[in-house]
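Trainee: For reference, the chains in residue letters:
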Amino acid sequence: MHNRMWDGEMKTLDSLDIHLKNRAGELEGLKAEGHKIIGYYPGGYVPEEIILACDALPVGLNRGGEHEPVLIAGAYLPRWIDTFCRSQIGLKVLGGEPAYNIADLFVAPVTDNNVRILGDAWEFYRLGEIFKFGVPHRKTERALKYYLHGINALKDKIEDLTGQKATEERLNEAIHLCNRERELFRKISFMRKSRALSLSGKDYIRLLHASLWLDKSVMIEILESLVREMEGMEVRPGTGPRILLTGSTLAYGDGKIINLVEEAGGNVVIEHFAEGLRNYWDDVALDGNPMNALAESYFHRRITPAWFRPSREMRDFLIKLAGEFSIDGVIWYNLMYRDSYTVQATLFPKILKDATGLPTLVIESDYDVEEMGPFRTRIETFIEIIKGS
Amino acid sequence: MYYADLLKLCGWERDQIKREASRLDEAFGILGLGPEEMKTADGRVRDGYDIDLMGVRKALGVWIGGLVDVVLSKKEGKKIVYYSFPPLGGLGGRISAIGKGEILCVCPEFILDIALGAIFDRIDPIMETGEDKALPHGAALCAMNKIRVGAIEKGIIPVPDLLLASSFYCDQGGQTDEWLREVYGIPWVVLDNVMDSAWDEFPTLNPERLSYMAAEIENAWTEAAEILGQKPDEEDWGEYAELYSRFVAGIAETNSAMRADPPPVSQSNLQLVRFLRNATSYDRFPDALEAIERLVPELEERVKSGKGPLPKGSPRVTSFLIPQRDHAVAHLIEQAGIAIPVTFLSYDAYTGMLDPTYATVAEKSARTELSRGLYHSTAAILYWTRKAVEDFDLDGVLWSQPIHCRPMASSGFILKKAIEEEFGIPVLILEVDWYDNRVISGETMRTKIETFGHLLAAKKARGETRHRS
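Heads up: the sequence lines are chains A and B, in that order.
According to the working numbering, the first sequence is numbered sequentially starting from 1.
According to the working numbering, the second sequence is numbered sequentially starting from 1.
No lab work stands behind these hints, which were simulated from the structure alone.
Computed from a prediction, not measured in an experiment: that's the story for all the values here.
There could be a bad hint or two in this list.
What the hints assert, rightly or not - If you only want the chain A side, here are some residues facing chain B, beta carbon under 8 Å, derived:
{"id": "1", "residue": "32"}
{"id": "2", "residue": "33"}
{"id": "3", "residue": "80"}
{"id": "4", "residue": "81"}
{"id": "5", "residue": "110"}
{"id": "6", "residue": "113"}
{"id": "7", "residue": "136"}
{"id": "8", "residue": "142"}
{"id": "9", "residue": "144"}
{"id": "10", "residue": "190"}
{"id": "11", "residue": "194"}
{"id": "12", "residue": "281"}
{"id": "13", "residue": "304"}
{"id": "14", "residue": "325"}
{"id": "15", "residue": "347"}
No residue lacks a Cβ here, since even glycine has one placed at the ideal position from N, Cα and C.
Hey, can you work out the whole structure from these sequences and the hints?
Mentor: Here's what the structure looks like:
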C-alpha cells in the first residue's frame, strides 16, 4: 500500500509494483538469450553506463534489512563488519534473492574496510566471479587518474565477458539514457521541496531502489509517467515534521525507519545514502571522452561519503539540503560497525545544530527485529519533540 | 626521587635519572604518577616482562622516556607531529630526521598504551574520555584512537602542530584524525592508497597501486615539510636511515634467535622492543637501538645454553600480535605450554622481496609497506602466515582476532580455513581487544587457550605433523 499524499489514484506506482515483480523472470529470459548480468555493490561508484554500453544488464545488489542473512554470514565473517556487507554474504549463500543468483559477475568498488572485506570473503569462499577496482579517498588529480584506471579495467573486463565493445558512441548513448533517469529523479526530488507534498518518502525510496533493478528504459518511462501524474494532481499540504534521512546504507527491504517516521506523523522529504541521491545529483558530461567524463562525474564531482578525507563536503552538503528542503530534523541512520559514519555521527549533530539549530537523532541498526521497539520509542519521541518546538 | 627504583629496573642509569630529574618530576606530575603508581608499575614490570634481559629492561625505559618526551614537548618548545597507528610510509622517521630533535614526531597512542597502559595500568580514564568525546563505547572501536582523543582532551599530551593521517588502511584512524582536525583546527597531511588487489595477486605488486602510494608518500612528505617550515634533506634522512637499518638488522637477529627450540624469550617481550621503531622520537632512537643491540647477544646466549621460558619440544604457533596491555594473555599462552616464536608483525621475510634498486625513497617506502602485506590485502597476510608456518616449523596458529579492528576483521576466518586445509594443523581464533582489557580480559580466554594447548601437545605426542596439501 502506497502512502499517498494526495486524493486520487496513482497508477504509475501500481505499475512499478508489477515491473518489480516481473523483473526476475525478465532477467532470466534475457540471460537465456545470452545477455550478461552484472551485479554490483551500490554506493555510487560503479558507472552503469559501462555495463549498458557492453549490452549487459546492470543490477545493483542492495537487498538488506532482514536478520537471517546477517546470521548466516556469521559462518564466513566475524560480527565486526558493517551489517549491510555481512548481509550480502548471507543473501548470496541463502540463494533466495534472484538478483544474487542470476549475476554473471559481481563488481565491487573497493571503498572502505567493509567493502574490501566483503570482496575478500566473496573471492575466498568462491561465491561467484568478482571484479574489484579501487576508489581512492581523496579528490586529487592523481586519485582521479587511479579511479579512471580502475573503470577502464572494468570496461575491459565486461567487454571480455560480453564480447561487445563499449565504443564511444555506445557509451555516449548509455550516458544519455542514464542522464535522463537522473534528471527525472532530480525533478521528482525537487518537487518535495514544496511544503505541499506530492510523494511520500517511502515511495521515493522505492523508486530509487527500483532503479537499481529495473531496465533503464522502463524505469525512465515510469519516472516520466509519475512526473506527469504528479504535475496533474492537486496535492494537500503536508503537516508533519519534515525529515532528512541520512546515513551509511538504506537497503532495499530495510523499511523500518521510514515506516516508523511516517507512522509517527513525520515525512521524509529528502534522503542521502550510498545508493540514493549520490547517483542522480549530477549528470555526466556528453562532450569529450566518455570514460574521462564518467570518472569526472562518478569520482571527482560525487558527493563524498564519510570515508573520504576530508569528509566535510558530505556534512556541508547535508546542511545545504536541510535548508533547501525546509527540514525540521535529521535522522542519522547508521549500520553497525560502519566506523566512518559512527565516528562522524558524534560530530555531526553539533555542527548541524550550530549551523541551523536543527536536532539530529542518531540510530544504529544491526538488522535485528528486537530493535523495532526501542527505535519506535526514539523516533516517536523525536517527532513529538519537533512538533512541540 | 620516588621513581628512581622503577627507572633503574627499566634500564635507566643513575646519571640519566639525575640528568632528567626535573623533567621526570614535571611529567609524572602532569600524568598523576606518584609513589603508589610507581609501586604498581614495579609489580607489573616484574610480572609482565623478562627482566633478566637488559635489552627488555632498556626497552621499557625507552617507553617511559618517550612518555615524558611527548608530555613535555610543547613546554620544551618542540614542534609536534602525531601520526596515527599503524604508522605508514616511513614518514615519521623522515620528519624526525629533518627536525633533528626540534620536531617531536611520534605515534602518541602507542607510547601511552605501552607506558601508561602496560606499565602503569593507568590508561582506562583516558580511553573513557575518548569514548565520551568521539568514539562511543560499545561500537567495537579501536582503543588506540580513543587514547589519542582522550589524552589530548584531558591535556595529558599537547595538541600537535600537524597530524599525519592515513585515509585508506583504517577508516577509524582517518576519521579520528579528521575529528581532531575539526575540533582543534590542527593542520593535517593525508596519505592515501587503495587495497583493491585480486585475491591471487600477492606477492606481485600492482604497478599502478605502487606508483599511487609512492606519489602519495612523496606528496605527504613535501606537504609536511612545508607546513613545518623545513626543507626536505635527503642527507638527514640518510643518517637516520642508517640508524634505522641497524635497528631492523637487530630485529632480524632476534627472529633468527627465535627459530631455536626452545625460543629464548616470550614473544611479548620482543614485541615491546620491536615496536620501539614505530613510536620513538628522534632523541630516543639511539636508546631504542641500544635496547635491541643489548638484547640480541642476550638471546644468542640463551639459545646456546638451550634456555627459554618453555621446555624444548613445546608446541609452536604463530599469531598476529600478543595483546600488550593485558599481561595475562601472554602468561596464559605460556602456561598452556605454547611457544610463539614468530608473529605476523615480527616476521620480516618481506625484506627478501625488496628490489635494492629504486628510484626514490618514497618508492622504496611504498614497496616496503606493500610487501609487508598488512597494507596490501588479507591474501598477503595469509601468504606470510603460510610462509611462517613453514619457516618456523609451526604446529598451529593461535590467531588473535581483534574485535575493534575493521581492516583485520576477515583475517581470522579466512586464515583458519586456509591453514587448516593446507597444512592440517589446528588454528584457534582468539577474539581479543589488543589494547583494551575492559572488553575482553585475558582470564576469559583461559579455557580456550588451555584446551588448545592440550590439543597441540596431544597431536605432537602422536607424531601428527604438518603436511602441505
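Trainee: Does each hint fit the structure? Answer for all of them.
Mentor: Against the structure, the hints:
no., hint, result
1, 32, "violated, 30 Å"
2, 33, "violated, 30 Å"
3, 80, "holds, 5 Å"
4, 81, "holds, 5 Å"
5, 110, "holds, 4 Å"
6, 113, "holds, 4 Å"
7, 136, "holds, 5 Å"
8, 142, "holds, 6 Å"
9, 144, "violated, 11 Å"
10, 190, "violated, 31 Å"
11, 194, "violated, 34 Å"
12, 281, "violated, 23 Å"
13, 304, "violated, 11 Å"
14, 325, "violated, 25 Å"
15, 347, "holds, 6 Å"
When the structure is compared with the earlier hints, violations turn up for hints 1, 2, 9, 10, 11, 12, 13 and 14 and for no others.
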